Amino acid sequence: MQRMHRPDFGALMSEPLLQAVNLQCERDQRILFRELSFSILPGTVTRVEGPNGSGKTTLLRILAGLNHGWSGELNWCGASVAGQREVFLRNMLYLGHRPGIKSLLTPMENLRALMAGRRPVSDVTLSQALQGTGLAGYENVPCRNLSAGQQRRVALARLLVADEPLWLLDEVFTAIDADGVKALEALLQQRAAEGGAVLVTTHHDLALPGMHRLVLGAGGVTDER
Amino acid sequence: MNAKAPPAVQLAGSSVGVLAAMKGVFARDMKVAFRQRQDLLNPLLFFIMVVTLFPLGVSPEVSFLREAGAGILWVAALLSVLLSLDHLFRHDFDDGTLEQLVLQPQPLFLLILAKTMAHWMLTGLPLVILTPVLGVMVHLDGNSIAVLCLTLLIGTPVLSLIGAIGAALTLGLRSAGVLLSLLIIPLYIPVLIFGTGTVAAAAEGATVGAYLALMGAFLMLAVTLAPFAAAAALKISLSNG
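Sequence order for the protein chains is R and Y. 27 is the number that the working numbering gives to position 27 of the first sequence; each next residue is one higher, with no gaps. Add 225 to the 1-based position in the second sequence for the working numbering, that's all there is to it.
Quick caveat, the hints were computed from the structure, so don't treat them as lab data. Be careful, since some hints might not be right.
[To be verified] Stretches of chain Y that chain R covers, calculated by requiring three or more beta carbons in the stretch to come under 8 Å of a beta carbon on chain R:
(1) 248-260
(2) 321-331
(3) 451-464
Since this is a predicted model, take the numbers as computed values, not measurements. Using N, Cα and C, we set each Cβ at its ideal position, and we do this for glycine too.
Build out the structure end to end from the sequences listed, making use of the hints.
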């Protein structure tokens, strides 16, 4: 996969993009995590780890601003996220369990609709992105006729045109074949080299050089390199 | 690009304008709806069936139909809008499109306004277009039919907008249908009363300006307030999902 969008290296930043301070989340009278503090630096890939039910998805949804049942502090570039929601949303890309793909629309139409609220992208770029995820020839086939893996790839095509510095990716490796996994790993690494920050949850054996790990567990929370 | 470039990334610039984003949401909803035409026909068929069954079930007398016709059409329209409400957010919720909508940088209430407009164009507007035909069927006179169409034209967007609040509130629930009706019907009643009242006044030869102005006020109130309420409700529903 080759990224279509090349960020220009104008503003050099070494301060954390996203900073969580003392996050605590309770779900169904059970504390998922407490006193969770971490920083997401530009140019890093962070893997959120933990057994099923340890709150990986919940954590990502909290960071994305979808889940409101938490306490603590979330900062974007040094200031509270709550006070600059529009800026934060513009700079953050979240891909969830449910990929946000309409089965009645074609990959092209889906991608166009997803980008409509973000930034203007030409159809040529979008079809290049689809080709980049191995969907060449499927641009105008309704997504319900595609396999589960291909539907995921439609969502992943967004990563090839994304200019958001922060990516929150929840279980992106699901239903992707071996070649696709390799390409996606390379993409994440390339993204980190470009200076983007990636937070990813996966049960797939992801091991990128220099990858950070954020371990959520039943007994407590550790934040280690 | 130099692969050894220093790790730096620029913050994304300003996002797409609000209008362009609303257009995107609207266009997608229209496209999806026209790929699934039977869903579009459902509320219309329901509307036609209720109106045709009434004369058979109650009385085919011209005098009865002339008196009850407007009410029958209004109730049928109201119920068919109610029927279609569950679809407003449900599919988007299931496939994750709704999450992406909430995460768009534009104000959510405006995007929901665009969604609701699409919903009205697909359910309310066809009902208004069908009304003259069904109006003739229940022996309404020309003047009444014109006023009835006008009240439905003003009233059905109100139904869609209020309905959006209910649909957003009941989104996370497993059996939302009954609760949605219970929540929404009381809010629909004033619209129904003024809608049928306007037609009744027109049939008696009174001027309907004041009635229509009141319905217009309902519409303005719904356009300005309902999207805010629906946006807040959506965020709560998604937070639990």
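Hint check:
1. 248-260: n = 8 at 8 Å, threshold three: holds.
2. 321-331: Since three or more residues must qualify, the claim that chain R covers the segment 321-331 of chain Y holds, with 10 doing so at under 8 Å.
3. 451-464: holds (count 4)
Against the hints set out earlier in the document, no violation occurs for any number.
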